[in-house]
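Engineer: Sequence:
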Amino acid sequence: MKKILFIINSLGGGGAEKALIEFLRHIDYTRYEVSLCLVFHEGCYLSDVPPEVRVFWLYERERNFVHRKSLKIYRNHGVRTLLRLRARRKIRGRYDAIVSFLEGDALLFHDMVRDRAERNVAWLHCDLRLFHWTRKTFRCDRDEELAYGRMDTIVFCSHITQESFERMYRIDVPKTVIYNIIDGDSIRRQADAAAVPHDGFTITAVGSLSEVKSHDRLVRVARMFKDAGYRLRFQIVGAGAMEEPLKRLRDELGLQDSVRFLGFRKPPYPFMKASDVFVSTSKSEAASLVICEAMTLGVPIVATRTSASEEFLADDRYGIVTGHSDVEIFEGLRRMVDDETLRAHYREQGFKRTGLFSAEQTMRQFEALL
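Letter by letter, the sequence shown follows residues 309 to 678 in the working numbering.
Hints in this document: simulated from the structure, not taken from any laboratory.
Warning: the hint list may mix true and false statements.
[Said to hold, decoys possible] The following label-pair restraints were derived from C-beta to C-beta distances:
| id | residue 1 | residue 2 | range |
| --- | --- | --- | --- |
| 1 | R362 | D507 | 45 to 55 Å |
| 2 | H653 | E618 | 14 to 24 Å |
| 3 | G537 | Q564 | 14 to 24 Å |
| 4 | G537 | R475 | 42 to 52 Å |
| 5 | G537 | R333 | 38 to 48 Å |
| 6 | R339 | I381 | 37 to 47 Å |
| 7 | R497 | E656 | 15 to 25 Å |
| 8 | F373 | R625 | 49 to 59 Å |
| 9 | G508 | H653 | 19 to 29 Å |
| 10 | G457 | R643 | 40 to 50 Å |
| 11 | E648 | M309 | 48 to 58 Å |
| 12 | G508 | F572 | 21 to 31 Å |
| 13 | L664 | V520 | 20 to 30 Å |
| 14 | D500 | W365 | 34 to 44 Å |
Backbone N, C-alpha and C define an ideal beta-carbon position, used for all residues, glycine too.
All chains should be modelled from the sequences, with the hints used to inform the complete structure.
Structural biologist: So, in structure tokens, the structure goes:
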């Protein structure tokens, strides 16, 4: 039986965390002994980890004094001693493979224990060239590049994300693309489990209320629709640090009657299914799970141009891809809102596209890495 260790920053409500839970649900535990190391023991998906998985953590929570102090010493002086001691004290034993399933902290700590595995795999869920958020972890880009260069394989969640990474870092390490698992039957069952009233044409966005998701664009676009005489409902499902600024923007624009913030919903599928259009206004998405889930539910999609939308919507074949300005998003949404035939077309096309995300194919690719 092979021993596998996954490392991830936490099990918060992001797409990579959700993708990991799907992988863990599909692993054959008669063949693999699986452990999961959380850098921070927190997140809304903690209760979703299969019981077969041994879970442990490096720090109890993210705002931890010891972690902040250790990271500050590394970032200011290049000394990783305290971080390394924590990693090697907590991550013991030998593994057939260690997989850091996210960028940033997960990779940083993985790099410190890579001698404890026969194979080391780094998994990217972000287009770092567009949104290099890991600079808050690594002291410099060179440190990050060296860490990736010490891996045996680098996995990307989309081809465009791989191409972007290769333009950024020239690393002579085998690379491959493995799509996230989309369990269509499960998503549709969960969508049908709760009734959500449909009271007017509804446009829905799902994602953390963070800077990269750029929900402020959608709020301003909602004002543009109102000024143009449309009566639409906009709902945003998610939670995060930008919640109060977004609500203030909504109130300043006088949109209390048409823009609703629904908070984090688990699952969000009933709200997505009850929508007429799904929208993503992100600055960066490597392999947006929620776009794939909207396809599975037959909801037509409008999304700003990111690695995920370019790859999965394929130049408007499976949904409308727009530029990043408010006007471009407004025009793309207006095309979809005004044309029922176009919406029906994209509902059908989306269903076809979901064949990319077969669990069987993804697990075969994953097992081949080990």
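Engineer: Are there hints from earlier that the structure breaks, and if so, what are their numbers?
Structural biologist: Violated: none.
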